[in-house]
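Asks: Each chain, written out:
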Amino acid sequence: MIREFGFDDVLFLLLAARWTILLTLAAMAIGGAVALVVAILRIVPFRPANWLAIGYINLVQGTPILGQLFIFFFGFSVFGWNVGAWTAAVTTFSIYASAYLAEIWRGGLQSVPKTQWESSAALGLNYLQRLRYVIIPQAVRINIPPTVGFLVQLVKNTSLASVIGFVELSRAGQMLNNATFAPMAVYLTVAAIYFVICFSLSRASQRLEGRIHVAR
Amino acid sequence: MSLVELDGVHKRFGNLEVLSDVNLSVEEGEIVAIIGRSGSGKSTMLRCINGLEPVQQGRITVDGTEVTTAKADLNDLRQRVGMVFQSYNLFPHLSVERNVTLALKVVRKTPLAEARDIARETIAKVGLADKLNAYPDELSGGQQQRVAIARSLAMGPKVMLFDEITSALDPELVGEVLRVLEALAADGMTMLLVTHEMKFAKTVGNRVVFMHHGRVHEAGDARETLEQPRTPELTSFLNAVLH
Ligand SMILES: Nc1ncnc2c1ncn2[C@@H]1O[C@H](COP(=O)(O)OP(=O)(O)O)[C@@H](O)[C@H]1O
Ligand SMILES: [Mg+2]
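Heads up: the protein sequence lines correspond to chains A and B, in order.
Per the working numbering, the very first residue in the first sequence carries number 45; after that it's consecutive.
Per the working numbering, the very first residue in the second sequence carries number 244; after that it's consecutive.
Do not take every clue at face value.
Said to hold, decoys possible - If you anchor each label on the Cβ, the simulated ranges turn out as follows:
1) A:F118 / B:D380: 51 to 59 Å
2) A:M228 / B:A377: 50 to 58 Å
3) B:D380 / A:L55: 32 to 40 Å
4) A:R91 / B:D316: 18 to 26 Å
Note that these hints are calculated values from the structure, not bench results.
Nothing here was measured: the structure is a model prediction, and the numbers come from that model.
Note that the Cβ used here is the ideal one computed from N, Cα and C, for glycine as well.
Go ahead and model the full structure; you've got the sequences and the hints to work with.
Replies: Shown next as structure tokens:
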């Protein structure tokens with residue numbers, strides 16, 4: 045049965061977009077926390093920690109997201125754990141985000157001038173205090189644009205979760221298209237919603253950047 | 244015992260010996276000007292004194308604490324040794340006041356209200372009471388360097404190390420920084436300062452140390468040494484900087 049694409053369908057897509065946003069936020073929060081640890085392990089003056097971080101980043105970046113989605117969705121059932129699509133998607137995208145953000149943030153941490161480490165050391169701050177109060181706050185400012193750039197990619201990449209049946213914006217679009225056979229209307233709406241999400245992110249980041257003090 | 248003592252210090256970067264058998268002792272209240280050509284090891288010497296650089300041989304003690312042992316508590320020592328750099332190195336993300344309170348709060352665990360009092364007092368001392376809420380990028384070089392001095396001073400150091408702190412400044416801003424140093428000298432602060440300001444070294448310094456090829460090549464009373472150098476190397480160095 046074919047029906048017209050109408051206002052209800054736009055609403056349906058908007059509700060599905062909630063899941064795109066939630067998945068992005070969850071991956072960002074969990075992945076971000078892990079990324080912070082990995083980025084720090086990557087720069088501390090202790091080789092084994094650096095190697096561990098490099099190994100983790102390479103492992104994650106060297107495997108496709110699709111493969112990870114399948115592994116978490118189907119792989120665990122081998123052990124008798126039944127993970128739902130949401131859990132598998134959050135796990136996959138958190139891991140994905142953690143590796144990429146770790147690499148981005150490492151760059152940010154290392155771009156803070158060495159003299160900032162020295163001048164804070166000269167005041168008696170220990171390594172973690174230098175990191176916490178002097179280096180990270182400056183790295184955060186440097187990192188806002190590339191982090192938002194990654195977030196925009198993440199928003200779009202969450203559409204891959206549709207392969208394990210997770211109904212987010214893209215999947216909802218597919219379903220609607222099957223029901224309405226109005227691909228132009230459906231996918232233009234889907235694209236418009238993605239655009240609004242990503243564009244708002246970029247704007248917010250520009251606002252933030254304009255308001256902070258960084259070394260020039 | 245002297246406040247700062249360097250005893251047979253050798254420092255190498257790879258195969259390059261940057262300090263060779265440096266001996267120096269600085270008494271409390273003394274002001275020692277360190278002069279010498281670029282690359283003679285002046286900065287390295289200061290950086291060894293607060294443990295920013297490890298040494299390969301010899302002993303350095305500051306205020307009774309040996310810096311050059313593996314178990315030295317450098318973070319504790321550095322609270323008693325202030326250091327100011329040529330390029331200011333203020334924390335760009337913090338206001339002037341918070342640049343000064345950071346180490347008090349984080350290292351010394353001083354309560355916020357007290358830390359702010361100390362900050363206001365030291366910032367006023369360097370003449371910047373009206374800039375408490377400014378950020379480093381809103382200040383001139385001379386003002387930034389005065390904040391850097393206040394930041395070190397706030398920790399109540401026993402000795403302060405100054406590494407060419409006026410060298411990056413426009414000529415018209417040098418005076419305001421030197422006046423802060425003069426005030427510190429009048430307060431009796433022990434200071435080691437690397438400088439190219441010979442007039443200042445002569446009038447404010449008690450002693451001059453001339454570094455040459457990583458050694459203390461000539462040292463003595465500031466005025467005497469600068470007016471009547473004994474070695475040809477110092478004579479030619481002074482001729483070069485004064486003309
Ligand atoms: N981190 C470093 N690694 C290698 N060589 C260095 C380092 N720091 C300084 N040097 C070298 O040590 C010598 C002394 O430098 P420095 O102490 O900065 O001299 P000065 O302050 O008198 O100009 C120079 O030859 C310099 O190139
Ligand atoms: Mg130098």
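Asks: Could you run down the list of hints and mark each one as holding or not?
Replies: Status of each hint after checking the structure:
no.: 1; hint: A:F118 / B:D380: 51 to 59 Å; result: 54 Å, holds
no.: 2; hint: A:M228 / B:A377: 50 to 58 Å; result: 56 Å, holds
no.: 3; hint: B:D380 / A:L55: 32 to 40 Å; result: 48 Å, violated
no.: 4; hint: A:R91 / B:D316: 18 to 26 Å; result: 24 Å, holds
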